[in-house]
Every structure is written in C-alpha cells, then in structure tokens.
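Dock the two chains into a complex; use the hints.
Taken in sequence, the protein lines are chains A and B. Going from the first sequence to this note's numbering is simple: count from 1 and add 35. Going from the second sequence to this note's numbering is simple: count from 1 and add 138.
Pairs of lysine to aspartate or glutamate, DMTMM-like flavour, derived with a Cα cap of 20 Å: (1) 292/B to 257/A; (2) 293/A to 273/B; (3) 285/A to 251/A; (4) 293/A to 307/B.
Since the hints were derived computationally from the structure, they do not count as laboratory data.
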Amino acid sequence: MASDPDQDPYGDPDRRPGARRLSWRSLWRLRSYLRPYVRVLIVSWVAAFLGIAAGTVIPLVGKEIIDGPVRHGDLGALLPLGLLALGLGIAEAVLTFVRRWSQIGAVLGLETALRDDLYGQLQRLPMSFHGEWQSGQLLSRATTDLSTIRRFLGFGVLFLVMNVIQLTAVIIVLLRMYWPLGLLVTASAVPIVAISLRFEKRYIGISRQVQDQQGDLATLVEESAVGIRTIKAFGRRRHLYETFDDTARKIHGTSLAKVRLASRFFTFLEVVPNVTLAMVLLLGALAVAHGSLTIGTLVAFTTLVLQLVWPVASLGYILAMGQEAMTSADRVIEVLDTVPEITGGTRVIEEPRGHLRFEGVEFRFPGGDRPVLRDVWLDVAPGETVAIVGATGSGKTTLTALVPRLCDVTAGRVTIDGHDVRDLSLPALRSVVATAFEEPTLFSMSVRENLTLGHRHATDDDIREALEIAQATFAYDLPWGLDTRIGEQGMSLSGGQRQRLALARAVLGKPRILVLDDTLSALDVETEALVEEALRRVLADATGLVVAHRASTVLLADRVALLRDGTITHIGRHPDLLSGVPEYRALLAQDADLDPEQAVR
Amino acid sequence: MTGTTADKTTGATAGEATDRWRGVAAEDKEHIPETVSLLLRTRSRRLLGDLLRPHRKAIGVLTAVIVVSNAAGLALPYLVKTGIDSGIPPMTHGRGAGTLLTIVAAIVAAALTQAVTRQAFLQLSGRIGQDILLELRRRVFNHFQRLSLSFHEKYTSGRVIARLTSDVEAIAELLDSGFDGLVTAVLTLFGTAAMLLVLDVHLGLVALLPLPVLLLFTRWFRRQSSAAYRRTRETVALVIVHFVESMTGIRAVQAFRREPRNQEIFEKLNADYRDANTRGSRLVAIFMPGIKLIGNVTVAIVLLYGGWLAVRGTVTVGVLAAFLLYLRQFYEPMQEISQFYNALQSAGAALEKLSGVLEEQPDVAEPRRPATLARPRGALRFDAVEFAYAGGPPVLPRLDLEIPSGQTVAVVGTTGAGKTTLAKLISRFYDPVTGRVLLDGLDLRDLDETTLRRHVVMVTQENFLFTGTIADNIRFGRPEASMAAVAEAAEAIGAHEFVATLPDGYQTQVGKRGGRMSAGQRQLVAFARAFLADPAVLILDEATSSLDVPSERLVQRALRTILADRTAIIIAHRLSTVEIAERVLVMEGGRVVEDGPPEHLITRSGRFARLHQAWLDSLA
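The shape of chain B in the complex, shown without the other chains (with noise of 0.2 Å):
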C-alpha cells in the first residue's frame, strides 16, 4: 500500500494543471498558488449558491423585511431632529404640544415597526439558515458515505468527523451571528450616509469625509486578519492532533517514558499556536479602536463644524443632534466587523473543503441500468483483472480465476501477495483497472449497491460494533431480522455462551466502539452478523486471527455447516481456517502460484507443503 507523508510533499506551484487540486487534494495545504485560491473560491461559491438556490424567494421577503426595518431605524433620528426643530418652538410660543405628540408617536410608530419588522428577519433568516445547514448536513454525509472505501483510506475518520462538526459549524456561526451583522452594517453604511446628506448637505459631506479612510482601514484589516487566522486554525489543529495523539497512545507514552519529550513537543506547539493568536488579537487591537478613533474625530468635525454652521444659523440644533445619533448608529456596528470577519474566514475555509470532498466523485459508481440477479447462485470469475492502487505498482498483474458456486476456497500467502486485494475485488470495494469480476456470469459493476451487498458480504478482522445492543449488532446486515432468528445465528457461530453471561443478554448495550467486548467477542458478534446476513457469497479475511483457540475451534466447527451450501473464500495467515476448505489458493506477488485440494497441495514440495510443515511444527 502506498501513502505520501503531508510534510514532505511540498506545495505546487502556479500554472499546474487545475486537475491536481480536484477534491480535497487542497486541504491542509498552506501554499496554494494564486489560481488555485481563485478556483477553490468559484468552486465554494458554486456550492453556496446551490444550497441558497431553493430559498430564492425566502430571502426576497428577507430582503424586503430588512429594508423596511432598516428605514424605521433610519427615521429614529430624524424623528428625534424635527421633535427638536419643530416640536418645542411652538410649545415656546404657548401653542400646545400637539406637534411634538405627533412626532412622538410616530418615534413610537418607527420603533415598533422596526421591532416587528426586525423580530420577522430573525426568524426567517434563522429559518433558512437552519435549512442550509441541515441540506449541508445530509449532503455531506451522504456523500461521504457513498464515496469508495478507497478515499476513506486516504482520508481519516479524524477528517471525516471535522468535516461534519467543526466546519458545518463554523458555517452555522456564520449563518447565525454574521449574516445578521453584514446586511445591518451595509444597509446601515449607505442608510446612514444618504440621511445625513439629506439633513445637511455641506455638515453630511464633512462628516463623511472620513469614509475613504475608513474602507481602506477595514480592507487593510481584512487582509492583515485573513492571514492570522489562517495561521492559528493550522497551529491549533496541530496541538489538536498532538493532544489526542498522546491522549490515545497514553499506554506507550507511559511505559516508554516519553512524557518529558512530548511536554517539550507540546509546548512548542502551544506556543506556535499563542503566537499565531497573539498576532490576531493584536489586529483586532489595532482594528476597533481606530473604528472608534475615526468615529469619535468625525463627532468632534461635526461638533466643530456643525456648531459653527448652527451660530450662523444655517443649521438647527435639530440637526446637530440628528448627526449625532447618526453616527454612534453608523460607528457602532462597524467595530463587530471584525468578530464577522472571523466568522466570514473560518467559514469560508469549510465551505471551501467541503465543497472538495462533495467534488470527489465515487470510484466505484453506482450502475446506470442495473441487472438483476434474482437468485444468486455465487459462481465467481475473474476473467482477466489487473489492479493496482492509485498510481501504486502493480498489485494483481494478471489473473483469471474461475470459483464454482458452493466452493469454499483458501487463500493464503505471505502479507502483500495480494489476498486482501482479491477480497476487495470480490467485494467490489475496488473496482478492477483492466479485466471483470463477475458473479453469476454478471460483472459486479453492473450490479446496484443492495443487490451486490445482499449477496457478498466480507468479515475482516477489524469488527466495528456500533452503538446500540448486541442484537441490533448481529441485525445489522439484515435488520427485519426476528430475535429467534439473531439467537439462532448467534448459536450457529458459538457466540450465544458469552452473550447468555451478559446481565441483559442480547439486549446488552456493546459501548462505545463495542469497548466493553474483547477482541474475541467483538469477532463473534461480527460472525453472526454475517451469517444472519446469509450472503450467496462470504468472505472472511483474516476473520479468526483475533479469537482464542477454543473460540476458534467453535467457529471453525460451524463454518463448516454455514458454508456448506454458499461459496466461501477464506483468508488466513494461519493454516488450522485452511482445514475446511475444499481448495487452497497460494498467493505470491499479486499471482496464483498453487492451486488445488489441500490435500494434493500438501503431497507436492510446494509452498504449500512447507507452509504446512512450518504451520505443524508450530504446534508442537
């Protein structure tokens, strides 16, 4: 098997084929190349649209709410400006105050209509943003899960997981705080400057000649904190590893006394990771005050200059007043940009790897036009297949392989000659590079999903238990499946005993991962799970290697009966499976070697025969 270490691969540059940057191959990258960044952006924004798409004409309403509610925020001030200009002069002069009720009531007016209008946009934009987030979920997941198990070996659980978590999540927090804060912000900029050159056309330029800076600011900003932020995602994704690495291997770092190392490892990390947040916090240092500075110079211009237009009476203190609230309402919100702004970045950064690994396309594809295959009989061939794992030498150069129904078949040879491979092929885990697999006469590519994994099941030694009870376990692959019908699997494959010891049985919980099973137990769940399943075609790679000789025994005694009447390949490092099969394959460097009826195999000089012999003197 082939793999590349991340840190030794070093980054493309400009101008390399877009192919290569195809799916996740960008993620944890730290140097990618101009054009590269452009197409990963095109390709994030292409998946935002499409999950935006069905909800075109929610943010339509969105958007109108926004607006109106906006616009009675506006009026606020305003409001307050003509109580001042128009309201009290007249009380002055003794004639009532039915000017200043009426403009009361109208800031009245505005502050509900806001409200209403405000309480709508968060809730309908909470609601299409919940709906993003679930689409997102589902399409990731399943999509993961469609995808080979040949991606799955080059991309870790680990990643699999921080797809689904942290990097929906970052988007939520998007969704939930940001989205809010950039429409009020923008609607906010250009409200506000249209209002105040309306109020006063000389006293709203002056105060809006701060502008310029204050974008070219916020750009600068934006820049500076992209690049921070980028830089503290990948060192604390580094502690992370780091942590649950040791965390996980606790027992070899305590018995090998690595602790002292690891503290030292760990520190810098730590550190790298303080350093990357210090230069962050420090931008964000820099960025709010100087909103603050630009805000507070430009209430002091207007104080200066609009106190000096209102002595010459060309403005009201009205309007003075007005220019004030304007600009606490406009500066306000520009200071949480930069919490948007992280929100923004760390969201992008999902989108962007999750749009790679919704990009990644199955390399085992689903049949267009699917056969059917009504009662399998479980007649395998191999009719000329070559295989080799991506870009990696060739595996299997060449092999024709015919296994008439009902046989059960031994495969063994020493580790990379191309067992586990022929297994996977049967499986169609792989799909093969030249050549067909075929079951019953019908190349398995030809074959939908259920149909194939009905009919071939593989048990390998790594029995993953899920969550739930120990009869939920052995239903898995068959979950219509009757309690008698799970008892009597389970007492087929010698794993009723120990179940029965267990306080509740079958309907005992297994734990996380099946944690509170031994490896033996866990295998013998993962037996009746098969053989409930009652697959035409079983493969069981290296499926006894962790049970106990008893168990082993026990196993191997049912096997016998559960093969009996579907074909079987067995894949064993040990020759005590071999026992029971009809015919033994040797394997070596991807080819068959031997091929026959054990006891033939044994009489020759072959490699069989001293592997026998090796295999007998082990016992003693």
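With the rest of the complex left out, here is chain A (with noise of 0.2 Å):
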C-alpha cells in the first residue's frame, strides 16, 4: 500500500474491522444497561399482557350480547354487558398508554447511556484505531445503531412475545369456540408466516443495497462538496454531475425493484385474511344453518380474524428488526470491546526537567512489512532544542506522535527524565508535553475554550503571554474577543490565523517539552520571522523537538538530527550539517544548485 508515513501514521484506511458475526450474544450484553429500569419494566410487561387479554376479550362480549340479550330480546342483560365492553375498552387504552409511557424512560436510558459509554470509549481509543475507521463510520454507530438497539429492544422485543402470546391466545380462543372454523383461521395464518419471513430476507437484502448505493452517492456529494474549488478551477461541473447522476439512478433503479417486491407482499398480506374472511363467512354460515354455531359466535370470528393479521403479518418485521438490532448490536460492541492499546501507567513525575531520550526505538503500522522508524536513538538534553529534518516520507511526524504516546513504540522505548513514557499515567505524560501540529484543530468553541483545552485554569495573563508569543493577539479583535467562537460551527479564520491559535494552544502553561510538527508553514514570511524570535524565548527554558522543512525553523534548535529512512543517520549543528552532509544540503539549502543567473541576488 502506498501509505506515506509522514502523512498517516496511524494506520492504514483500507483495513476494515472484523467480519460481521450475528448472534444475540452481543444485543444480550447490552441488557446491564436496562438494570436500572427493571421495576419500570416489569409494570410495561405487565401492562401490555392484560392489554392483550382486554383486547382480545371484547369480541367475545359483543358474541355474548348478541347471542344473549339479542337473541332472547333480553334488555335487561344488555346494560351489564355493554358497560363491561366499555370497561374492558377503556382498561386496553389505559394499559396501552402504561405500557408506552412506563417504557420510553428505560428505553431512552438505555440509548443515552451507552452513547455516552460509546463517545468514552471513542475518546480513549488511540490514533492507531481512529487511523483506521472514518468519523462517519463512528458517527452511523453512535447515532443509527443506537436508535436501531433502542427500538428493538423497546418495542422489538415486547411486540415479538406480545405477538406470539396475542396469536396463541386468539387460536385458543377460536378452537374452542368451534374448532373446525379456527382450524381453517390457524391454517390460513401459516402461508403469511412463512412469506413475512422470506420476504422480509429479500427485503433486508435489497434494502442494504440500496443503502450501500446511498453510501455511494453520499461519498460522491462529499467530495463535489469538498472538492468545489477544484471542480471549479477545472470546469468539470457537468462531468461530476454524470457520475453523480449514474449513481443517483442506480439507487432509482433498486429502490423501483423494492417497491415492487412491497407491493407484492402487502398485497398478499391483505389477501389472505380477506379471502379467509370469505370462507370462515361461507363455513360459519353453513354451520349457523346447521345449527352447530350461533351468530353471535359467527360475528366474533369475523372480528377476530382481522384482529389476527397485524400480530402474523408484524413477525417477520419484527424478526427483521431483531436481526438488524443484532449487526448493531455487534457494531456498537465491536468499538466497546476494543481494548484501548495505549493506557497510561500510574507513575507521575513531580518535578520534570523535560529530558528525553529514544532508545533504539521501532515502530511499524500493524501489518506493515518495512518498519516506519528504526534503530532511532535520541537524546534531547533538557532545555535543548532539536530540530528533525528528513525528506518526505522520512517518518517525522511519526516520530515527534510517540513522544505524547499518540502512538506507541514497536520496539525500543521513549523516556523523559529517565521513565519510560508508558509508565506514566496520561495525563501526567500529556501535562509535561505539548503539541502544535502541522493541520490545526480548532473546535467549535470561544477562542478562550479552544487555547485552554489542556489547561482550563490558565489565567487571562496566561492566555495573553501565549497569543503574544504565537503572534495571535488578533484574536482580540474577533468581534467577541477571545470569546468568539470559532471552528466548523463558528467564524472561520485563515490557515495561518489558525496555525498561530494552535501554536498559542501548546505554549499554554510553559511544558516542559515542546513538539512542534512543522507548526509555522502557512505564515508569511515577516510573522513567521516574528514568531520564532518569540519561540526561542520560550525554546531556551523548555525541551524542544522541532519538525522543520526550512531552515529558518531550523535556527530556533541547538542541533539537528537528520532522518532517513526512518533512522538517525546525523545529528549534529546546523552549520556542520551544511558543510559536512550534502543530503543534509539539498534538503535545506534552498538555492544550493540554481543556476547562479536565474537567482536573484
């Protein structure tokens, strides 16, 4: 794979996460979240069990009335008959509206709780795992997964036993009231079951194509989107809009296909309790002629046919459900389960001098085949400042991410003030050193917010003496000061805006130890200038590890380790470096070899 790991040190995209293994193992581990909600849930069952039997109930005392007093023309027996249809009718909606409203609170519960458990998790996994899946990815998982878990297990699950119980109880009922007419409803019921559930099979699978083919087209939206400029620059508008529309058929074409295959089945659904209306009305009838049944009974079995389709025709949804809860389930379990690689230790340095040694460190990407770094030894003395120059490539960036443990070593070890930095705990390790990298990451917060994110209790003056030394005092004059608010959802600011907003972030409450990914490449040349003359201020009492492409940055160091390959092979003093090491020289000597007339001198 062609991974630059300079640029992506965190793995490699194309490595999906495990295969899909379906099974309710991982929707049953998810039952400790509805712990606290047992009582509630216990009166929703409860509830929604004598609904059932309240609703099933009904049609038999409208047999009774017409069998009894209507029959006899007895008025006296019908009062007590209607006010208990009554009765029963108010208790089903009572007991439906316990059942939903006793349920929402457990099952929101539910939801949040593990999203929160989730965003933890996402928040302490490291690089290595974040490298690998796309936010978009995690976000599906936090968001569609979660409500597909919550209505499963809120609505799913109860319906599934509600309905089989409702379809037994009313089968019961049927047979006994006249076992030849219930047994041809029984019957009738079989050919809806076993087409729910094969149709709901081709329904999943077509459906997931259609998502798939969404996916498509919301990837090719995303780039028209984010690519604008470039599709401008170039003209090519009605070129993306032929690929665009491509896709944007294909989803017609497959969304057609399962409309088709609804409609067939829906049809169908509604056929058969309407055909079987038919014969219990033609059988019932004879029978009624015969005298083996009474009308009233007659009139019941119609009513409860009808009662009986939503229960059947529901279970291969449901079951669809189940399914679909369970590759959730087994989604949002996969991010749970992954063990973070990088845990802190429990030691803390009480006073860091901020010395920092690589020894003999290693690192390769999980199933990569050439190591990124090896054989590095380091040694920043502290106070000492050293900059790292390498080509393209050459695992820079990789190497200043092990310092903070963003990612950590294959092999060897990474040491400040002699511990080595998995011993430490985290956020001791991440107090002692700070980062400005190369693509600044500013949050959709106040300016003050997004400075203090590692210090929340710096003070005005603090902030102050950070933007002077980055040379972003600017942001005094954002129209709220310090407290606009700026990022994604705020007011945007420009490459270099942010990459001294970024830079005021790591000097923030003086670290010992100073990483600096290649920080100042998006400054002109007079801010960059004025930058580093306030950087080397804050360089001469902290540790420094400098990435650098120019030789300006290389300055602010007392010496230069030059990486190759993912090795030291020199380290020394700038001037010797350029003197000594031509490979040194044709990396930062910017006019080593013009041509003397083309230069301006």
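As structure tokens, this is what we get:
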C-alpha cells in the first residue's frame, strides 16, 4: 500500500474492522444497561399482557351480546354486557398508555447511557484506531445503530413476545369456540408467516443494496462539496454531474425493485385475511344453518380474524428488526470491546526536567512489512531543542507522535527523565508534553476554550502571554474577543491564523517538552520571523522537538537530527551538517544548486 | 474575511424585510417569525408543486385506482353483513345456499379487486415517488455545483452533504410510507362514515359522535408533536456536530487532555437529546392509546345502542357485525398517523431547506450571450476594479493593472493584503463590485464557464484529489488526454518519480480524499493536473507551500519551461518562488505598492527589498 508514514502515521485506512457474526450475544450483553429500569419494565410488560387480554375479550363480549340479549330480546342483560365492553375498552387503552409511558424512560435511558459510554470509549481509543475508522462510520454507530437497538429492545422484543402470545391466545379462543373454523383460521396464518419470513430476507437484502448505493452517493456528494474549488477551477461541473446521475439512477432502479417487492408482499398480506374472512363466512353460515354455531360466535369470529392480521404479519417485520438490532449491537460492541492499546501507567513525574530520550526506537504499523522508524537513538537534554529534518516520508511526524503517546513504539522505548513514557499516567505525560500539529485543529467553541484545552485554569495573563508568543493577538480583535466562537460552527479563520492559535495553545502553560510539527508552514515570512523570535524565548527553558522543512525553523534548534528512511543518520549543529552532509544541504539550502544567473541576488 | 457566529446572531423579529430570509438564511434559526414561516411554507409548497407537475396524469390515474381499491375494501364488511342477514336465513329455512355462495363469491371478488388495485397503487405511487426523488437529487446537486464559491465559503460542506443525503431521504421516507398512509386514512375516514350512515342512520350517527373529539385530539397532537419533533432534530444535530468534531480532532483532544471536559459536554448534549426525545415519545404514548380509547368507547357504544336497536328489531345482527368490522378498519390506520406526522414533519423541514438552497442564485452568473474566444493569448487587465466580500469592508479599493500575455508575475505581500482576492477575481470565483476584469479584451463576465475554465486555471495549496486513480486525477481538467500525455505532464512537473515507486503506478487508487498520499505528493499531482489542462493563464496561489525543498526546486525548474508560453500569476509567502518571475507586484491593503522587475525592486529600499533581505537571512 502506498501509505506515506509521514502523513498518515496511524494506520492503513483500507483495513476494515472484523467480519460480522450475527448472534444474540452482543445484544444480550447490552441488558446491563436496562438494569436500573427493571421495575419499570416489569410494570410495562404486565400492562402489555393485560392489554392483550382485554383486547381479545372485547369481541367475545360482542358475541355474548348478540347470542344473549339480542337473540332473546333480553334488554336487562344488555346493559351490564355493554358496560363490560366499555370497561374493557377503557382498560385496554389505559394499559396501552401505561405500557408506552413507562417504557420511555428505560428505552431512552439505555440509548443515552450507551451513547455516553461509546463516546467515552472512543475518546480513550488511540490514534491507531481512529486512523482506521472514518468518523462517519463511528457516527453511524453512535446514532443509527443505537436507535436500531433502542427500537428493538424497547418495542421489538415486547411486540415479539406479545404477538406470539396474542396469536396463541386468539387461536385457542377460536379453536374452543368452534374448532373447524378455528383450524381454518390457524391454517390461513401459515402462508402469511412463511411468506413474511421469506419476504423479510429479500427485503433486507435489497434495502442493504439501496443503503450501499446511498453511501456511494454520499461519498460523491462529499467529494463534490469538499472539492468544489478544484471542480470550479477546471470547469468540470458537468462531468461530476454525470457521475452523480449514474449513481442516482442506480438508487432509482433498486428502489423501484424494492417498491415492487413490497407492493406484492403487502397485497398478499391483505388478500389472505380477506379470503379467509370469506371462507369463515361461508362455512360459518353453513354451520349456523345447521345449528352447530351461534350467530354471535360467527360475528366474533369475523372480528377476531381481522385482529390476527397485524400480529401475524408483523412477525417477519419484528424478526427483521431483531436481525438489524443484532448487527447494530455487534457493531457497537465491536467498538466497546476494542481494548485501548495505549493505556496510561501510574507514575507521575513530580518535577519534570524534560530530559527526552529515544532508545533504539522502532515503529511499524500493524501488519506493515517495513518499519517506519528503526533503531532511533536520540538524547535531548533538558532545555535543549533538536530539529528533525528529513525528506517527505522519512517518518518525522511519526517520531513526534511517539512522545505524547499518540502512537506507541513497537520496540525500544521513549523516556522522559528516565521514565518510560508507557509507565507514566496519560494525563501526567500529556501535561508534560505539548504538541502543535501541522494541521491545526480548532473546535467549535470560543477562542478562549480552544486555547485552554489542556489548562482549564489558565489565567488571562497566561493566555495573553501565549497569544503574544504565537503572534496571535488578533484574537482580541475578533468581534467578541476571546469569546468569539470559531471552528466549523463558528467564525472562519485563515490557515495562518489557525496555525498561530494552535501554537498559542501548545505554548500555554509552559510545557516542559514542546513538540512542533512543522507548525509555521502557513505563515508569511514576516509573521514567521516574529513567531520564531518569540519561540526562541520559550524554547530557551523548554525541551524542544521541532520538525522543520525550512532553514529558518532549523535555526530555532541547538542541534539537528537528520532522519532518513526511518532512522537518524546524522546529528549535529546546523552549520556543520550544512557543510559536511550533502544530503542535508540538498534538503535545506534553498539555492544550493540553482543557476547563478537565474537566482535573484 | 468576515463571518458571524451562529449563536450570537439573534433571530430577527417579525415585520422585517422578507428579503432577509431569502435562500438559506432561515436555516438553523430557532425562532422564526410567523410571517416568515408562512413564506417558507409557500416556498416549500411551490417546490413540491413543481416536482409533482410532470406527474399530473399519473397522479390522476393513481387517484382513480386508490378510490376503486378503497371502495372494494369498504364493500367487504357490507358484504359480510349481507351474508349474515340474507345468506343465512334461506338456509335455516332449508332453501339452499345460493344467496350465500353469491355473497361469498362477491367477497372474494372484492378482496381480489382490492388486492390488484392496491398493488397497482403501491407500484405506481412508488414509481412517482422515486422519479420525484431522482429529479430532486439532480436538481439540488446541479444547483449546488452552479452556486458560486462565495456561497460555498459560507455554507460548509457538511451542510451540503446533509441537504443531499438526510434531507432527501426524509422526503423519500414520506413518499415511501406516509403518502400511502395519509391517502388511505382520509379515504377510509370518509368512506367509513358514509357506509355507517348508509347501513343505519341512527346507529351511524351515534357511532360518528366521537368524530369531533377525534379530530380535535389529532389536531392537538399534530401541534404538540410538531414542536417536539423540531426540538428533537435540533438536539440531535448538536450531538452529531460535537461527536464528529471530537472524532476528527481526536489527536488534539488526546494530546491536550480534553477528554473529561468533552465527556461533560457530550453528556449534557446527549441528555438534552434524550429529554427532547422523551417529550416526543410521551406525546405518542398519549396519542396512540387515546385513539384506541376513542375507538373502544365507540365500539362499546355501538354494542350497547346497536344491541338495544337489535333487540327492538330495528337493526339486524348483520348490521351490527358490519359496524364492528368498519370501526376496526377505521381506527386501526388512525394509530399509524402519529408516525406519518413525524415523516411529514421531517420532510417538511427538509423541503424548507432544499427550497431555500434552490432559491439561492449564483453570484457569478453565466452570460446570456457568451463571447467567443478561439485563440486566447492570455492578456489580463484590471479596469478600475473594486471588490469587497458581501457586507465587508473593501478588500481592493481600486485596482488598475495590466498583465501582458506570456508574462510571469509574482504577487507578494502580507496575509490579508488582497493577493488571493486578486487570484479569485482572475479565475472568476468572484465578480468585482465595480470595474471589469478582462481577458484578451473581453470582460470575464461575457465568457461562458467552459471557455473560461479551459483557459484560466488556478492551483491552490488545498489540493483536492478525487476518488480514483492518479491518472484520473491528473486527467481531471482534460479527460480525453492519453496515458502518454498524463505521464508526460507528470514528468514535466517532477511527479513521475514518486508515482513510479507506487505499486500500481498511475493506476494507483488515491484513497479517500487522497488520504494515502502526503501533502507534497498531492501537490505534485495537482501541478501535473494544471499543466495537462494547458491553460493560457495559470494562477498558483501558495501552490508550493507544502512541498519540501527538493520537490519545490524540481517544481520550480519545471515551471520555467511550463510558464514560458503562458501568462502566470504566482502568489507566494516565500520568495523562492519569485525567482522565476519577470515582474513582482507588492500588495498592501488591497493596493499595489510596488511594481517592477525583481532585480530593480531589490536595489530600491522598498518593502520588497526588505522582504528579500529577510528571506536571505532565513536561508542562513
């Protein structure tokens, strides 16, 4: 794979998370999230059962009314039976209400707690994990999958059980009322169940296909939005539209197939009960004529037949829901079960001096055949600054990521003041080391919050000092000063402004070890010079590890390490390397071999 | 560049000019004045009408089919009644089952009719729905692509994606299930009411007594759930934004120990979402049993009053049975309505936003009658150009500038001096507020997009690579180019070397957003892309900033040959790029403060000389 370790040190995006195994196990494991709600759930299930009972009895009361008072002209018996029907009707509604209302807290509580845990887990997982997973994939787990689980555990399971019970209850009632007709109705349920199950299988298949195609379309849309400048710059709107249209048509075609499938199924679902109804009427009427069936029973039969349609038909739907919930649970559990490879130790350095050492460090990506870094030895004395210079792909960024343990070494060790960084607690380590990245990440919150990410209790003076060092005092001139909201949801800043804020964030709180990963690339020459001047002051006290592309940045450092093919080939002072190492000169001396007459002098 | 923070702008009060709410202005606003929301609804409805119009005939057929289908469905209980009342008595009197058989046959016929028409309805409405979705997708996508860069700079890519995915899907959902549900519910409502009255006026009227309660109850639910649903959407959006931002910025989150505070914020947002969801669910928990209650009470009343009438012999047992069946048919779909409202609600919100996007007009409009430009020479002229970003202070106060064809011009100056604005005006990402930008004497506004983009190409520091192979990406500006031409372009720019080391060479997939290549490599591909497009005017805006020194040197050597026969504007922070320029413009505050060949400017004691000295120093 053509992965460039310098840019993407956190794993091969092509490696997809493990294969799916469908089982109840993952779903079952989530039950602990329902534990706080056991009582409420019992109430809701009891209400559900009683509700079914009431619903099933109402038609029987109808039967009694027809066979009793109506047939015998007995007005006196009508009122109690009618009131019974009324009472049962009200009871059914109230019980349904109790079931729904009591469930809400449990079901949403489960979803919310699970989402909190998922988020917490994701924050703990190291960069190697995040490098493999698109944030979109993670998002769909935190939203769609959790809703699927919530729906199934909240309603699916309940309906599954309830429907089976209702089905059994009604069939028993029917068989006891008049067994030949009962048998007929039971038989009519068989094809519905069979076809439902088959239909759901095909329906899920085709739905997945639509989903995949929608995913393709979303990717296209994303590219068209993010790459809008390039598209416009080359006037390639139409070309892109055609690609989009192709995919949109595919969705159109698949969706139509889905519609056809569904229409056939739902039609079938209505035909069978109606034909059954006709048969019940025919045979029932014959039975009534022969006196083996009362007319009230016949009426009750017709109502109960219709009452069966939903529980029977929904079985397939609910089972499909269950399958989806299982898949979702697997996907969620997969994340929750990932053991963070990088967990903190227990040690805390009381008074860090900032002595940074790389001892025989090797780093390779999981499954990578050649190491990105190998046999790296580097000793940065407290207060010293070392610049890392190397061609694209030599492993510079990876080297810097090892210090705050955004990645872990695969052999050797990195130490601070003699402690292996893996023995330190993560908060302790990361408060000793501050990093400014090449691509500055700012969050949708105020400038102040962005700056004080690692130091929530920084004073205004601390902030001012950091902003001054980073030449980022423009922040005071924003519409709401330091309280101006920036980031994706807020005010947009230029690349240079963002870099300077990210730098200010790193220097805030005077970390013992400062890691700068080509932090100044987007600054213009004048600003860069000012920032460097200020950085020099900061780096005078702190230990510094600075990735540099330009000679000017190298000058911040006391010594320079030349990184080549993942290992340090030369360490020395800038002038010495410049004169003694041709490769170094080629990397840094801008005008080393330009034609004299072309160069501006 | 200006921007406003979303949370600091307060919603406008009623009575303000409706123009303020044009286009996408109302998006994400929590409080919208009544007049405006009316305006938005009208706009949505117009779009809907627009989408439905081509399907008028099909919708006519659809209506006929659904009426037949419902009529057949409504006939069933009536036939059952006839069966009980007229089919059974002859048999009890020993006179054959002829009537009964006829009725049963009629029931089967009605059931089959209903089945056939229903299937036809589902398929036809599905087809119309999918056609509408396809049209909507095409329209919105195309419109987004037509809108100017100024729009896209305000409207983040995330929102574009949301419009074209979740919003379109919300409408799909409604078309999928909601439409069917609504039509059936309405037809059943009227059909059943009519049948009940036909069967028996007295019992029918009594059975319909709870109807007003039902309607009022439904209206109450609709209003409440409307608000609740909106709140749910808002809260979930915040959860998603925070989630995505934390995950994409996870490196900074971990490096700066942000996790505990993030967890706090997330749990708060998540709890808000739960509360909003709770409110919505509680409404449903009231509504569904409420409908059931009304239905059951009606059944009980029918049993009582109907039983009484039956005892008195005014109604038959069959009528009573038919009433029970009709009431079941009537109240069952009413419960589904709560789901339909949610679908309607989100589709409504989606339609509102989509119609807003479609209402936006590109700032940079296509000319009505485009001028022709057969052989461009690449001469550029700024004629009294003034420019300001919408509502902002002037960026270019007044600029007159002539760049003869074939000249290589370097533009230098501090951040915010107006360099990039200059480039954007030449590539017509923006139009000047006053004055003209001319290419070979023609106003850029008179050139059609294809011509302009063919001849003017800009390379910036953000180099977007599309999914596909490296060759596809180099070919992006000229899809018909041969493989040899692609390789030649790559070679000329110095990209060939790294491409050759890749396992599949030019056929290597670049991965999502070019993620598998370094910034420098992406940059080289972008250069090759621009070179292959062979424009008359090439603009390089900070295009070499992410290259390391050896690559930059290669590119610069290549640029000398590449730029020889075309006009070039090079914008750079670093002066190394300036070396190849014949002319340097130093900009400050939107004005050109120095202009001349670099060797002249160096000797003077102006800004350029100072910049140059600083640069020389930086080389140590």
